[in-house]
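Colleague: Residue numbers (my numbering), protein chains in the order written: chain H, 1 to 314; chain W, 1 to 314; chain V, 1 to 286; chain G, 1 to 286.
Honestly, the hints are just simulated from the structure, not real lab data.
All the given hints hold, so there is nothing to weed out.
PhoX-like cross-link-like pairs, simulated, lysine-lysine; straight-line CA separation at most 25 Å:
# : chain 1 : residue 1 : chain 2 : residue 2
1 : G       : K93       : V       : K5
2 : V       : K84       : G       : K84
3 : V       : K5        : G       : K84
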Amino acid sequence: MRDIPEVASDVAVKMAVEVAGLTLRNPVMPASGTFGYGAEFEPYLNLDGLGALVTKGLSLRPKAGNPTPRIAECSCGMLNAIGLQNIGIDAFVEEKVPFLKGVSTPVIANFFGNTLDEYIQVADKLEKIDVVTGVELNISCPNVKRGGIVFGTDPAAAAKVVSEVRRCLTKPLIVKLTPNVTDITVIARAVEEAGADIICCINTVTGMAVDIKSRRLSLANGTGGLSGPAIKPIALRMVHQVVNAVSVPVIGVGGIASAEDALEFLLLGAKAIQVGTANLVNPGTMGEIVVGMERFLAESGISDINDWIGSLHG
Amino acid sequence: MRDIPEVASDVAVKMAVEVAGLTLRNPVMPASGTFGYGAEFEPYLNLDGLGALVTKGLSLRPKAGNPTPRIAECSCGMLNAIGLQNIGIDAFVEEKVPFLKGVSTPVIANFFGNTLDEYIQVADKLEKIDVVTGVELNISCPNVKRGGIVFGTDPAAAAKVVSEVRRCLTKPLIVKLTPNVTDITVIARAVEEAGADIICCINTVTGMAVDIKSRRLSLANGTGGLSGPAIKPIALRMVHQVVNAVSVPVIGVGGIASAEDALEFLLLGAKAIQVGTANLVNPGTMGEIVVGMERFLAESGISDINDWIGSLHG
Amino acid sequence: MKNLKTVVLQNGEIADGYFRMAILAPGYTRAAQPGQFVMLRIQEQIQPLLRRPFGIYRAAAMPAQCSGLPEREFVELIYKVVGKGTTLMTTLKPGDSVELLGPLGEGFTIDSNINNHLLVGGGIGIVPLYMLAQQLCKRGDKVRLLMGGRSRDDILCISEFERLGVDVNIATEDGSLGETGLVTAVLERELLNFPQAGVYACGPMPMLSAVQAICCSAHVLLQVSLEALMACGIGACLGCVVPGREHSDDTPQYLCTCRQGPVFAAEDLAWPSRSNNDCHSGQGGK
Amino acid sequence: MKNLKTVVLQNGEIADGYFRMAILAPGYTRAAQPGQFVMLRIQEQIQPLLRRPFGIYRAAAMPAQCSGLPEREFVELIYKVVGKGTTLMTTLKPGDSVELLGPLGEGFTIDSNINNHLLVGGGIGIVPLYMLAQQLCKRGDKVRLLMGGRSRDDILCISEFERLGVDVNIATEDGSLGETGLVTAVLERELLNFPQAGVYACGPMPMLSAVQAICCSAHVLLQVSLEALMACGIGACLGCVVPGREHSDDTPQYLCTCRQGPVFAAEDLAWPSRSNNDCHSGQGGK
Ligand SMILES: Cc1cc2nc3c(=O)[nH]c(=O)nc-3n(C[C@H](O)[C@H](O)[C@H](O)COP(=O)(O)OP(=O)(O)OC[C@H]3O[C@@H](n4cnc5c(N)ncnc54)[C@H](O)[C@@H]3O)c2cc1C
Ligand SMILES: Cc1cc2nc3c(=O)[nH]c(=O)nc-3n(C[C@H](O)[C@H](O)[C@H](O)COP(=O)(O)OP(=O)(O)OC[C@H]3O[C@@H](n4cnc5c(N)ncnc54)[C@H](O)[C@@H]3O)c2cc1C
Ligand SMILES: Cc1cc2nc3c(=O)[nH]c(=O)nc-3n(C[C@H](O)[C@H](O)[C@H](O)COP(=O)(O)O)c2cc1C
Ligand SMILES: Cc1cc2nc3c(=O)[nH]c(=O)nc-3n(C[C@H](O)[C@H](O)[C@H](O)COP(=O)(O)O)c2cc1C
Ligand code: FES
Ligand code: FES
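Bound conformation, chain H alone:
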């Protein structure tokens, strides 16, 4: 019986990365919606040992989310239809920002809107919050009819929201893409052109579960977002595609649960990675990932993680 290892190591590997103006202690950060607002993980993790903190998706007004059941376990994955429940941007400032001020890690605020105007209003507010170092624009949530899917699957709509939001923001702007499209490179290029500093992919893959005993869909919402190890091959493919399609840096997400998983995304050229579902399974995961990456790189004779990033052999 042992405790979860701390985020620290004396292996001499330089882990810091620069991602379009964001200076990160290491390339590991949580995926939005799987880390609450950060404080929930304090007992299990040294928050100051992470590359960044990413908040639950914020909207202009508080959002109650979908009816229950909201989650279902699947083979090597889970479906969620939380429906973007969140306390809203104002309560975030009041209730969560004070805690985040005490953390030395850069804070990235994930946000979304139901309309273009809402996106802009939230961006305006986020620009003014000091503790927010960067923002992550979610144009990809597949759960809420008007909360993303229209923006994220159509290149013109995606470009529009990105350029509008861009105008309110001096902070680094991450745009998070949905995998539920025929060709993710088309969307990636559109949002790059519209002013995205960083592209983050992927959000969840739309899925469904059904219960043959009750003969009902398992989620009250019908469909939900598939996440976890099951989607890692899809995420790797899309990160590879996007890295080769755009020149802005890419953050890889999808099914990362171990240092090896994280190293795979970096090898394909992702400059940083996010951990989602694995935080729910084991709140100490990200600490273990940082330590594991350092160990692997040290053993491979690599002293700077930037030498690993994108170093895939022909």
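Following the hints, complete the assembly by docking chains W, V and G with the ligands onto the known chain H.
Modeller: Coordinates of chains W, V and G with the ligands only, in the frame set by chain H:
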């Protein structure tokens, strides 16, 4: 230690289904490319106990397929980049048809072409092979640059190939769709309109794997098709969408490995199901699925599987 | 709250389909409160992906042994085999590794003005009531357990409650043990005898609804321990919410079962019974 | 060829990182041919998804016991722990369930005109050679095993070959057992002594390539047992192919390792060595 159960049971459940002119003993059939040409499974399965046999995808000329490595295991799934290796339609007639004549189960020939003309030529030939009861048009293989992806992701191109092939065929025409699209209902409606008798979904989801030890992509082809339990939630979602979008019957495929999995797809309204990767893991799977479905239905007091199909509660 | 990489000490069947598992758990004797739960990771594998939530039945310590083994704290779970995870749990043997996240959630609130307590359990709902009974008995209060189940096989651990000094009433639907019928009938009767009692209930939702309706009309305080699908157990995913008192379809109000619960004052929740709103005056806050 | 739902009889470490497992396998003593393999399903779970291929080391029967146990046929595997599946295999205990698909593939072809045999093994490549040695020794032929490995830990089961009457030469790269160096050096030398020998090799690909080049120049017949990634093991998925003799980038020719192999006549395969084509006249078909 016991042997795999036979495909047979004395439970009094009517298992036969009618699918657009195809009369099937039960709704269970193999997914193309995971069952060879049938004979490979004789030692493990009573071929006459299946709903249908579906062949490996056939092309006009023999096809060598992709270089190796061609497969990679993933969490709850596998990637394949076989590249549609097959013996070609003529060798099929010479070498495989004689065996298939000895099987009482309807034979469905899966096929594809690199060009519209090739599709038509193969369809012409299949129409003339007596033992072929139905055909399955693969417009969805994601592995071969010109062998499908263009047809399967664009509604106009999909409709074109379907209507051209339709003209050569009196036999029931199944069209198999790729999941790698933004909105599968658009493609489904297009191929329905163009003359598909049955829609089959889904083919594999494009994915990738990478090996951090060799720092290479795991598949020689780069990307591959993800299959197995990992994709079941995606397949269920798409089957649900397509069932609600078209009026032709739907065959469900993707991650089915047990009777419960099969019953889920049928509950959503699929009229039949295909088993792919699970055949590779356990060549007796389909026999176990048929027996397991009968048992479940009998225990649920359902005497005709048609009463189960589409009986999802509001 | 910690994530312990620890080991199973004991695991065995105690009744048809019910198992009891002891897990090495330093710190739990002091930290665990009645009504709290743990998230158990059955094996360090990807499948099944999610941890499983289980109420804490008991936290205790094995004394140090002459053989040199030091004192060892452990936590005990009692689980019903229902699906993939619990089936896998039955295969665990002493020494097998598990991960234990906990103790989690808000447990029962003990009101010092109430000295008479009715604990109502249905089947596996017995679990969170034992530590509650321990604490209440330690205060010298009068504690009565009303235990229901389908048949005698669903009535667990009764003698352990009796040893604490708890009076026990049993009701089974098939009459194989105790009275024949539902435990809610017993509750209605006992509330006549103890009209000032505090009620604490854990069991299937239909039972909890019936208990709520009864307590509501009897104007007694009720706390319920709920189950909900959980991914994280720590308030991060918002998968485990239940409708709160103010909930309506138009203005949803969701409470987090893993963090604001699993024990709730009944009056904080939305109940199907229409009389609910009338209750709130009668029932005190948690 | 059958899929047996069966049980493990024995499983234990025989050298650092190498295990030996016996599995109950009715029918195998008659059915299994030297060089064939099985696909093992380690547990009836979704993860790891695919079966793992293993050569058949030996198939035999335990005699009936006075205690009433009937005669039991079993198959023995020897495996190296390299990844997820083989790590999981080390945890299997007697009585644990596994599924065994086999015996599969085409094994070694024994040419009755050849009476002198050189078996070349590298590390775990020893596995398919034991049954081959059994059969060749039974014919009264002269059989010599040339065994290579990184260090003494990689040299397995030698005494069992010796008990069959096989002469054994060992070479290790670090010199910790036998000669220092590569087994291919031993082969070159022995081919001078036995210029008419048939050669049978199993081991890592670089070793097989070197063996092929040597046999090619020596004009002796070579059979090689290959490894390939496999999903099905029965010729259904076409995942396991290797380039055949006629293979080129323009006109690929693929052979199915699980069905046309795993043992191939070297001349039927494509080899990196340019001298390959010159060989074919010198080497007979399998
Ligand atoms: C706070 C809390 C305390 C609990 N205490 C106990 C206890 O002491 N003893 C006991 O036997 N059970 C208890 N349960 C229920 C227990 O968590 C489930 O029986 C268990 O998770 C089922 O897992 P499975 O893999 O066997 O079932 P499966 O049906 O295969 O599980 C599939 C998914 O559904 C979830 N799930 C299934 N049933 C339930 C349920 N009733 N409640 C919550 N999630 C469920 C699983 O966690 C898993 O994510 C408690 C639940 C909660 C929320
Ligand atoms: C015909 C044949 C006979 C074999 N006989 C033996 C034997 O007797 N003893 C022995 O120790 N090993 C043998 N191997 C190799 C053995 O199959 C692999 O070592 C094993 O599959 C590794 O599984 P893993 O889960 O531990 O490794 P992982 O790397 O986790 O496996 C991931 C995937 O790669 C595959 N894989 C990894 N290494 C190999 C390999 N070398 N060959 C084929 N597939 C591989 C696995 O099957 C799995 O699908 C044989 C392989 C073949 C094809
Ligand atoms: C419970 C849950 C809630 C999520 N909420 C959000 C969200 O609010 N905003 C967002 O952009 N992504 C959200 N996601 C998606 C994740 O950030 C991530 O993109 C996805 O889960 C894939 O990564 P994973 O496989 O590591 O979980 C959520 C995912 C889960 C599982
Ligand atoms: C090895 C392999 C080969 C395949 N070959 C074909 C093919 O030739 N034609 C085709 O339409 N689909 C092919 N498929 C896709 C399957 O038919 C099926 O649609 C997919 O695997 C999803 O089902 P599953 O999860 O049950 O495997 C192949 C799949 C695999 C795994
Ligand atoms: S289980 Fe994740 S918030 Fe409660
Ligand atoms: S492993 Fe499937 S064809 Fe050989």
